[in-house]
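*Asks:* Read off the chains here:
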Amino acid sequence: MNKTFQRIFAKAKSENKSCFVGFVTGMDPDYESSKQILIELSKYCSVLEIGVSFNTSTSDSSIIMSANDRAIKSGAKTEKIFQLIKDVKREITSDTAFVTMGYLNQIHVYGIERYIEDCKKSGVDGCIVVDSNNEAPEDDQIFKELTKNNMAFIKLIAPTNDSNYIKQSLKKCSSWVYIVSYAGVTGSKDVNLNNVKKLSKMIRKQSKIPIGVGFGIKSLDDVKKASKLADLVVCGSSIVEKIKEGSQNGLDSKNLAQFVGQYVKQLSEGVKH
Amino acid sequence: MNKTFQRIFAKAKSENKSCFVGFVTGMDPDYESSKQILIELSKYCSVLEIGVSFNTSTSDSSIIMSANDRAIKSGAKTEKIFQLIKDVKREITSDTAFVTMGYLNQIHVYGIERYIEDCKKSGVDGCIVVDSNNEAPEDDQIFKELTKNNMAFIKLIAPTNDSNYIKQSLKKCSSWVYIVSYAGVTGSKDVNLNNVKKLSKMIRKQSKIPIGVGFGIKSLDDVKKASKLADLVVCGSSIVEKIKEGSQNGLDSKNLAQFVGQYVKQLSEGVKH
Amino acid sequence: MKIPPFKEHNPPDNLGYWTNKKTGEKYGGQYISPLLIPNLKKVETGFKKAMKNKKFLADLEEQLVNHIGIVTPILRSKELEEIAGGEKKVGKIFLKRTDLHHDSSHKPVSAFSSVFFAKHILKAKKIITETGASMNARAVASACAKLNLSVEVHIGALDAEKVSLNKDITELYGADIKVCHDSTKSLLPAMAAALRSWQSDPTAMYVVGSVCGPHPYPLMVRTFASIIGRIAKKQMKDLIGKSPSTVFAVCGGGSNLSAISYPFYNEKSVDIFGIESAGKGIASGAHAATITSKAPIGILLGARSNVLMDADGQVDPSETEASGLDFSGTGPEICYMASTGRIKFRATTDKEAQETFLMMCKKTGILPAIEACYVIHAALKEIKKRKNPKENHLIHLCGSGESNVARMLKYKKDNE
Amino acid sequence: MKIPPFKEHNPPDNLGYWTNKKTGEKYGGQYISPLLIPNLKKVETGFKKAMKNKKFLADLEEQLVNHIGIVTPILRSKELEEIAGGEKKVGKIFLKRTDLHHDSSHKPVSAFSSVFFAKHILKAKKIITETGASMNARAVASACAKLNLSVEVHIGALDAEKVSLNKDITELYGADIKVCHDSTKSLLPAMAAALRSWQSDPTAMYVVGSVCGPHPYPLMVRTFASIIGRIAKKQMKDLIGKSPSTVFAVCGGGSNLSAISYPFYNEKSVDIFGIESAGKGIASGAHAATITSKAPIGILLGARSNVLMDADGQVDPSETEASGLDFSGTGPEICYMASTGRIKFRATTDKEAQETFLMMCKKTGILPAIEACYVIHAALKEIKKRKNPKENHLIHLCGSGESNVARMLKYKKDNE
Ligand SMILES: Cc1ncc(COP(=O)(O)O)c(C=O)c1O
Ligand SMILES: Cc1ncc(COP(=O)(O)O)c(C=O)c1O
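Heads up: the sequence lines are chains A, B, C and D, in that order. Each residue of the first sequence is one higher than the one before, counting from 1 in my numbering. Each residue of the second sequence is one higher than the one before, counting from 1 in my numbering. Each residue of the third sequence is one higher than the one before, counting from 1 in my numbering. Each residue of the fourth sequence is one higher than the one before, counting from 1 in my numbering.
The set of hints was computed from the structure by calculation and includes no laboratory data. Mixed in with the good hints, there may be bad ones.
With a straight-line Cα cutoff of 20 Å, these simulated PhoX-like cross-link-like pairs (lysine-lysine) come out [claimed, not checked]:
1) D/362 x C/119
2) C/126 x D/363
3) D/2 x A/167
4) C/362 x D/119
5) C/178 x B/189
6) D/42 x A/167
7) B/201 x B/167
8) D/125 x C/413
9) A/242 x A/43
10) C/178 x D/268
11) B/197 x B/225
12) C/119 x D/42
13) C/2 x D/2
14) D/119 x C/162
15) D/363 x C/123
16) D/178 x C/362
17) A/218 x A/172
18) D/42 x C/362
19) D/410 x C/162
Interface residues of chain D toward chain C, partial, derived using beta-carbon atoms under 7 Å [said to hold, decoys possible]:
20) 142
21) 146
22) 202
23) 203
Beta carbons are placed, not taken as given, at the ideal position from N, Cα and C, and that holds for glycine.
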């Protein structure tokens, strides 16, 4: 297990809570605001999941795609996201884990080895690659590089995946596994805890790996319920919506960070057991 | 030969001239104007050819079709045309021959027998039926009825017709035959006197029937030249154009008749040899 | 596929008349100004020659097969059988898919044949035709482009103003479009204008878009078009071992009706139906149902036939949603066949046709020409009435509806 | 006609990859969120079952023959031979006329097959697809209407605003049109939206309009579509006693190219050409010529293949007059065939295609889809260059141009 995650899980355990994971698209709505938001969010989040924008992503909701658009318009590039993470890490003191979330094309174009090296250099602790198929040669290579660098490879598992698929995924999954609570797109429905229970059971049969839950978590109540079932609770779309709201209202980067931070703060309180 | 034409031809011969044939669409632009026009024209025309409008005629130029439209709009019907001719004849003193010109559908719908009876009653001396095919049973019937009533059946012959067709036509043609000076539509080209010469020669081989010429005669000069070759000179489109011009200028029926009359008067002077 | 050769089994007399022996009524003939007589004689002689010219007929057939794509399938439509009550109640329904032809209707068959004839037999340099924004001019212009003849298309000013896919395609094929401002500014005066133009240019050939006009056009067009029926008859034989019980086709001028039904004229067991447009309803007077409304005999555009007209013989304009049916007459042979009862007539209103259009799109995945919807509606009605599970019904799906899409989508939205 | 059965002779590996043995480069695969994996596995297993299910294959073929009208003619075009320099210099030119299909392009073959598969093998109740106002959605919607499945069509907001005959017809067929406001509001985000929608509804089936997308789509679509080539190959054999010297097809996603050329892959004597849209010129950057412009390998919409993209991996929008070619990628098997040199690539500019469109209308009487004009132009150029009177050239005329008429008539008038 990645060292940062090891510490984070230990700390959470000691505090009798789950870990709160906050997702934002890197450089949404721009570099400086995104930096301030991440700095602010690091106070409330055990894990920061940072989206690397792809303009032709196949699994993002319209909410995330709009965030991607905003980020790309403000100049988001893979390199810049690494820069952003470095800048943020330089300014924070909390022991927060950083995870990149993106699509394979970006990584492939950047070069898998180089991507993971640069992750490492920027202080990234793990990667989510939404469309990296377990059986693809690229997936093997990513797994190899991440493992070599002691970083987490976080795999998504959906309620429609069969046990064979889960087994396959878990083979390469490290630090934690991400359960998608329903078959749909992020932000489109309410979190489905029955699915989570069922999937957790299947996973637990094979592994003790910490379990994260995402998709549809957007209220304090959602967080509370989810944290009863999972080690990590991921909240994305609703944070991204806040960023959009605040920036549309013309807030400058500091105020925007405050505005989003307040929202995340109250959400994150739900992870206490 | 019809009696009126007999007299007219005799008179023309004695005066050393051809006969001037003036064409108007009956009831163009309306009943009263048309009546006045015909009365006025009777002073200058040996023959008045009166068009019975058909809204789907296949051989009229746009000029004549517009006249047909005006006439139909003002209520032209076969019956009314007969009424018009009767009214005109009541008011004139000149020995003018009257000929109807039209399409078979009107006559067929009216009834061939009835049509020719009503022609007779109205003082019509002959008929032109543009689309009555020599070989059609209707053509035989029209020929029979006209002959019985001593009226002229005036057949058209075109430069493209062969000698066999001419022979067929002349069999039923009486009083005079109408040479079309070119293969085209009325008013579209200039009169073609070479065609007239050629056709006259072919006709003369078979018959002594008087010859009329039409299509493209629109100036005094045209009339002069045509009258050297033919016993009758037919002028249509250019008279119809005058009617249109005068009525568009708002002339009342008397003034319109004068206006058209003056034009026809000067044209008609060309028939002197 | 070996296409059965043409056999004449309903010839007109020498003058181009079909005579009803019971009533003595004549249909057809050649009522036209002497100026056009030579042109028509040339076509008449040429056509007789052509029908005996084996090379001409073989070359034409080759082009019809490979360019027009005349061997279109016959589709058994279980969807329509369902709608009519199920195969077990009403028998089988087959669609002859001439919508799949080049230029998307039955029209290209006679249009291409006529132009091919004009080029190779008459040695004409130019083609003259008319359109009411329907399929004919497009098909003629296409044939002229391929056969390298110039083409002049007469269109009424009112029709020219309307947005029309067929007209635009006609232009792309290189046709010289002549706008006619005469009379009603619609199809009839445009036809007259085309005839007049031919009268001025005897080296051109006039092409008629249906089985109408003076002799020999009605004979020639149905003879050329009947290859559709010859193929269909053979296909039905292959499919069901015999001829169908019924044949249904829409009837504007009558070309697609004679195209498919001509080869069945002598088979008494085959009921033939011609379907007209009842427009807003026969009683309203706004329709194109010459036969169904019992229009009297008149002489229209060179032929003796039933004609929509008033008591004085002025031709009444037809009214219908389908530009291809918007014609005040019907071809003389068809009128004759109607008078003998060999072809039975029905009429469908515009509204019924429009609903059928939407139904066809949604239930069969076929975008029919609006013209074809008149026949489909009437056929389903008749098939339901016959209620005979042993029967096989053949419907002529005579065109595809690309040019109807804009109006029909508006209709759909207005009626939702 | 007895249609030769399908034979697999260029299979991908189990994971859906075609691997270039020289370079080691892989094409294809299944790069997609875990949420879609089960859906894809279902399609994969279903497709394997379907290809062994004789009744399914026979029923499908019957419908393709009688409903889609798949046995279209091959037309020898002497007009195009003339233009290329005459038969005596350049040999014979043949056109495979899939423009005569139901719904006027090659697309309905794979679209209908996919929907038929979804209904009978997967027992799906709903179909999801996308469109850029091209032929695919129309064909899918038609199949769904006939087969009584509901259908959801995703379209970019910008494309939805444009007047489009294909879109209107798609609506008449009863499709539920979902407008996508994401990203560039064009085809790519609409495809992503379709995939997301499928992710939410695993009882639906996603239909891809070309040989693109994650495994097994590229394999499945080309397998279904290849019936076009199987028929064409047999027809050529009947016509000239052998296979053609060349096969030309346009390449957007690559479906019509693989459709016609797949059965010739193993015949070394047959030169195969894929033609892309060079848009305003390759150098301008405004084009859709993935292969010709030597676009790098990327992972687009679930598959590894050549992709128009910037240095950071953002996909570049393609630009072309032809909505059917307006795609930033190319199907993986095609990319593979390009990498081995088995398929040679050429590109035609929009301007050249537009001029070819006008030429085809005026010289051949055929209204081609603008997409087909890219291949015709390039084929004529290549044929002139080869200058071999013994050759027989086969060009895939993959669609009819009704939906291009408005823009092309404007182009014609603007350039007169
Ligand atoms: C598709 C279609 N069907 C039918 C017709 C009616 O004509 P006809 O009765 O001559 O077949 C037309 C005329 O344009 C047409 O385009
Ligand atoms: C007529 C036509 N040709 C070609 C294409 C290009 O697609 P593909 O390369 O998949 O055949 C399309 C796409 O819509 C099309 O409609």
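*Asks:* Against this structure, judge whether each hint is valid.
*Replies:* Each hint tested on the structure:
1. Proposed proximity of residue 362 of chain D and residue 119 of chain C is supported: the alpha carbons are some 17 Å apart, at most 20 Å.
2. A hinted pair counts as satisfied when its Cα atoms are at most 20 Å apart, and residue 126 of chain C with residue 363 of chain D qualifies at roughly 15 Å.
3. Pair hint residue 2 of chain D plus residue 167 of chain A does not hold up; C-alpha atoms about 48 Å apart against a cutoff of 20 Å.
4. Distance restraint check for residue 362 of chain C and residue 119 of chain D: the Cα-Cα separation of roughly 17 Å lies within the 20 Å cut-off, and the hinted pair is therefore satisfied.
5. For the hint linking residue 178 of chain C to residue 189 of chain B, the alpha-carbon distance of about 18 Å falls within 20 Å, and the restraint holds.
6. Restraint check for residue 42 of chain D and residue 167 of chain A: the C-alpha separation of about 19 Å stays at or below 20 Å, so the hint holds.
7. Our distance criterion of 20 Å between C-alpha atoms is met by residue 201 of chain B and residue 167 of chain B, whose separation comes to about 13 Å.
8. Using a Cα cut-off of 20 Å, the hinted pair residue 125 of chain D and residue 413 of chain C is violated, with the two alpha carbons roughly 26 Å apart.
9. At roughly 17 Å between alpha-carbon atoms, residue 242 of chain A and residue 43 of chain A fall within 20 Å of each other, so this suggested pair holds.
10. Straight-line distance between C-alpha atoms of residue 178 of chain C and residue 268 of chain D comes to about 53 Å, which puts the hinted pair past the 20 Å bound.
11. The suggested pairing of residue 197 of chain B with residue 225 of chain B holds, with an alpha-carbon distance near 11 Å, which does not exceed 20 Å.
12. A C-alpha spacing of about 58 Å is found between residue 119 of chain C and residue 42 of chain D, which places the hinted pair above 20 Å, so the restraint is violated.
13. For the hint pairing residue 2 of chain C with residue 2 of chain D, the CA-to-CA distance comes to about 15 Å; that is within 20 Å, so the pair holds.
14. Of the supplied pair hints, the one linking residue 119 of chain D and residue 162 of chain C is violated, its CA atoms being roughly 42 Å apart against a limit of 20 Å.
15. A hinted pair counts as satisfied when its Cα atoms are at most 20 Å apart, and residue 363 of chain D with residue 123 of chain C qualifies at roughly 19 Å.
16. Under the criterion of a C-alpha separation no larger than 20 Å, the hint pairing residue 178 of chain D with residue 362 of chain C is consistent with the structure, at around 18 Å.
17. Taking the CA atoms of residue 218 of chain A and residue 172 of chain A, the gap is near 29 Å; set against the 20 Å cutoff, the hint is violated.
18. A distance of roughly 28 Å separates the Cα atoms of residue 42 of chain D and residue 362 of chain C; the hinted pair therefore is violated under the 20 Å criterion.
19. Annotation: proposed proximity of residue 410 of chain D to residue 162 of chain C holds, straight-line Cα distance about 16 Å (limit 20 Å).
20. Annotation: residue 142 of chain D was flagged as interfacial toward chain C, and the flag holds, the nearest CB pair being 4 Å apart, inside 7 Å.
21. Interface restraint check for residue 146 of chain D: the shortest CB-CB distance to chain C comes to about 3 Å, inside 7 Å, so the restraint holds.
22. Interface restraint check for residue 202 of chain D: the shortest CB-CB distance to chain C comes to about 25 Å, outside 7 Å, so the restraint is violated.
23. Residue-level restraint check for residue 203 of chain D is violated (minimum Cβ-Cβ distance to chain C is 22 Å; threshold 7 Å).
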